[in-house]
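Spelled out from the first residue to the last, the chains are:
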Amino acid sequence: MQQAPVQSSIIKQQPSAIYRVLGDRIFLSVVLLLALSIVALTLGLGYYLYLGGSQTINKEGFFGFLTGTTWDPALKLEFGIWPFVLGTLITSLAALVVSVPVALAAAIFTAEYAPRWLAGFINYLVDLMAAVPSVVYGIWGIFVLAPFLREIIYLPAFLWAAENAPGLSPFLGNPAGYGMFTGIVILSSMIIPFTAALSRDAIALVPAAQREGAYALGATRWEVMQTVILPYARGGVFAGAMLALGRALGETMAVAMVIGNGNILPYTLFGPASTMPAVIALEMKEAVEDLHYSAIIGVGFYLFLIAFIVNAAASYLLNKLKVGDQRA
Amino acid sequence: MSEFRPMASPETGHTEIMTLDPSLKTRIETRHVTVMYGQKAGVKDVDMPIYANKVTALIGPSGCGKTTFLRALNRMHDLTPSARVTGEVLLDGINVYAAGVDPVEVRRKIGMVFQKPNPFPTLSIYGNVVAGLRLVGIRKKSLLDDAVERALSQAVLWNEVKDRLNAPSMSLSGGQQQRLCIARALAVEPEVLLMDEPTSALDPISTQSIEDLLTELKNHVTITIVTHNMQQAGRVSDFTGYFLNGDMVEFGPTNLLFTTPKDKRTEAYITGRFG
Amino acid sequence: MRNLQARYTRDRLILIVVIAGTILAALPLTLVLGYALVNGFSSLNWDFFTKGPKPPGELGGGMAPAIVGTLIITGVGLLMATPFGIAAGILLAEYPDNKLNPTLRLLSDTLNGMPAILKGLLAYVLVVKVQGSFSGFSGSLAMAFIMIPIIAKTTESVLKLVPWNIREAGLALGLPRWRVILSLVLPAARAGVVTGLLLATARAAGEAAPLIFTAFGNSLLTYNLSQPMDALPLRLYAYAISPYEDWHRQAWAAAVVLLGLVVLTSLLARWVTRGR
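Residue numbers (the numbering used here), protein chains in the order written: chain A, 52 to 379; chain B, 5 to 279; chain C, 829 to 1104.
Everything labelled a hint here was simulated from the structure, so no lab data went into it. Warning: the hint list may mix true and false statements.
[To be verified] Okay, the calculated bits of chain A under chain C, using three or more residues with CB under 8 Å as the criterion:
| hint | stretch |
| --- | --- |
| 1 | 92-100 |
| 2 | 147-154 |
| 3 | 173-180 |
| 4 | 192-205 |
| 5 | 292-299 |
| 6 | 347-356 |
| 7 | 363-370 |
Glycine residues also receive a C-beta, built at the ideal position from the N, C-alpha and C atoms.
Model the full structure from these sequences, guided by the hints.
Below, the structure written as structure tokens:
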């Protein structure tokens, strides 16, 4: 019987130990260490913002700082961030309410009705929308959107109220164009893609058998949508809305450029307001007093807390929904 | 139970076959190999020998555990978090699952060819063949050149590609790609070559060329092949193991197992297929 | 069947609502693109790319320092972010059973969604406050914080697109896992990984908020990372809120450049991941 030439010249050259044994361990350690930096970065973000803001937070108290309504960096050096918290919450939530139905309509249209080429094009637009820089929306807001809304809505409404319902005027506020309503409109347009993209993916994941089952019962397209597809996809829609809310909370430049930046409560519908990111962007480089610096970073810390909860919830939902499709 | 599984215990299995051919040498021996996927057993308590420089075929209906068993031999299940292997796989008397045994080392000695040809898409023909050598640090050009010619010749691909060794591997036909994968596995000079339905994705002519290759190859290397095609097992193998529902029902010399199966289930499978 | 006509009518009404919603969703982007092109394209001249800003009120000048600054700040940020982002992507895609992964994925996605301005504040606290001066480097650091989770995400998803059998083929040759990842899997996913880097760069390059109090802005051209440095979105913002017509014109031009960057990278990403 022929003997196999099992060991020949090449294989006797044993690869070095670093290749065989240590290689994997070293590689995994390096990868782990680098990846751990993301964990450190996320937690460090909160820690350093707290540290930076602690001077003012300690002075005003954890809740006093949050609920104080006076932000006076010039004379009294008194810092309460409630106007900004309120502005952020109102604009973000209102923008969410406006944008979700629109985003959902776009998702339904591309996933269920549109021909392939059109769906592809709209999906591309939606993805692009998420990538457009905030300042570009902002310059459009300043020069196009705000004057347009002033002419079409604010002034007519203001004049009408002045004549017919004087009691309403204080709620409408200054119709200059730069204020809360404009902020909400621009925020709504900016966060559409986040809900739209995730809703579209969720609708695409509905099994064909589910659809066919409903069609076979004689359901119309909308009835299939209503009874089978939307209930099935609602997790994705919800996660998308959370993600969009997270973006809205932190959206800075576009909002700062159109919202009028007034921090005097109570806010009015058309009049100036402010948000947490906007006050950071506007006052950080102009601050002189240590306490003012600390107060601004403190605003960042509270924004971190809110955004962390919303974004972590969105990520958690998303990762939970994706379970099972790994290593496809 | 044992009357249906005459080869269940290694001793009886060995002695019986040893008496047939005393020159047989065992390269791999498995003892109580069980593969669990979570709570479900893919392979149950399999004992079998794999003889050196022979072709051993594993046959059985799909889902019977033959591929799962094959992948247990070179520790490919290490990569599947949900899979757990128990029992022993003795390669030249050493348990590849023993503590301190490096799976990478095991896989260098027990190579594998997969169902679908899977050349590395970013590498050339030459690059694919030497991947196993170059990527562990062997750089000397003359050594690599020799290895390429030897491996490609053994895989009967040399004459077709010797003029375009630097062409992309994906430019080859399906059958050529599979022979390239065989050459790639042979280049690291394994003692055993595991083949998981290597012709199932190929056309009849390519299949023929791979089958011809096997009879030639067993002079250099011990071969274990999983196939769902019984005619193929009959044509290329010296020994055959029949798997059903994760059990190895019967093991024996191919000609005996195909003509006088001892187990009724084996008989049913074979005659069913042939009839 | 009862009311079949009514059900069809409702079906059609819903379709109209859905189409109206889709148009409404696409409207802002279309308007932004349209206005930017109309107002800014004509101002994209040689001076815009080669000259520095003129003093307030004077006509002419350009954004050369801002363009150079953006290239340097995002380039350095990319260099810092790449190893971290790619390593995290490798861990998530190639070691699916690693215990750290659920936490890492959650925190990475969370970090990705965190306001960019907070990442700027972190860079401020870590660098500007410590060194006592604004600098291009602190801007780069903020950019890196923005890019890392994006790179991690795209790297993970393109690595997962590489067929699993390539890894098996490598391991069956007796290659160690790290070799398989570095020499076989990463090269197979190269185009996707690079696209991910570009997408992250484009996203970061458009951010103004975190640069306001890190890179700060500078009307003079500088290559020195320890000096305040200008950036395109920063200059756009400054000009947009200024009272000068000529600066508004240049701000629109800057918007066109930023939009062009975004459109180009997204088209590239489409092209690389086509057919998947």
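Hint check:
no. : hint    : result
1   : 92-100  : holds (count 7)
2   : 147-154 : holds (count 3)
3   : 173-180 : holds (count 7)
4   : 192-205 : holds (count 3)
5   : 292-299 : holds (count 3)
6   : 347-356 : holds (count 4)
7   : 363-370 : holds (count 6)
No hint from the list above goes unmet by this structure.
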